[in-house]
Amino acid sequence: FKKNYLNNITFYTNLDLQSIAAPIFDKVIKQVYAVIDNNDKFINEIWFIGSPLLENNTINEEKFEECMNKVKSYANENGLSFKYILHRFEKPKVGLNCTQFDLPIEIVIKDSDLFPKEVISFYSAALINIANIFPQIKCTYINLYKINGNLHTLKYVYEAFERHNNLKEFSI
2 FKKNYLNNIT
12 FYTNLDLQSI
22 AAPIFDKVIK
32 QVYAVIDNND
42 KFINEIWFIG
52 SPLLENNTIN
62 EEKFEECMNK
72 VKSYANENGL
82 SFKYILHRFE
92 KPKVGLNCTQ
102 FDLPIEIVIK
112 DSDLFPKEVI
122 SFYSAALINI
132 ANIFPQIKCT
142 YINLYKINGN
152 LHTLKYVYEA
162 FERHNNLKEF
172 SI
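Sequential numbering of the sequence shown, starting at 2, is according to the working numbering.
Label pairs and their computed distance ranges (CB to CB):
hint, residue 1, residue 2, range
1, Asn58, Asn79, 25 to 33 Å
2, Glu163, Pro53, 20 to 28 Å
3, Glu63, Phe90, 19 to 27 Å
These are computed hints drawn from the structure, not numbers from a lab.
Remember, predicted model here, so these are calculated numbers, not experimental data.
Yeah, the Cβ is synthetic: ideal placement off N, Cα and C, and Gly gets one too.
Kindly produce the complete structure, drawing on both the sequences and the hints.
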C-alpha cells in the first residue's frame, strides 16, 4: 500500500505565519479584512470570548474564577454589563452570563450592527479578527503565559498579540 504525501500546503490565514518561520515549500496567503467603521451603535457590554481552558486543563478553576471576577469587576466599575461568549467546545459556566452563537463572533457583530464596547479573551483568533475589522472596539487579552509560565507554546501567541496595534493586555 502506497502512502501519499503532500509536497506543499497553502495556508490561508489572518496570522503572520511568515514571522514564525519562512516557508520553504509551503505558501502563505494572508487574509486582509475590510474595516467596518461604525461608532454610532455601541452597546454597554464587555464580551469575553471563551476558550475550553477548563475542559483542557490549561487553567485551574480557581485561577479561571479569579480572572473572571476581575473582568466582571472591571465591567461593573465602567458601567458595562458582562457577557461570556462560549467556545463551541465549552460547557456553560456557573455564575457567568453565558451566550453561544452558531456563527463566528465576527459575523455576529457585523450582522447585528451593535458593537460591544470591549472584547476580552485569554487567546482567540477571533480577537485578532475583531481588532482588525472593528478597530473602534477595544480589544484586550489576559496573558495566560504570565499566569502559568509552563504554557510555553502560548508565549508566541502573546508575542504576536503584543505586536498588534489594536490589542492591549488586560492586567490581572
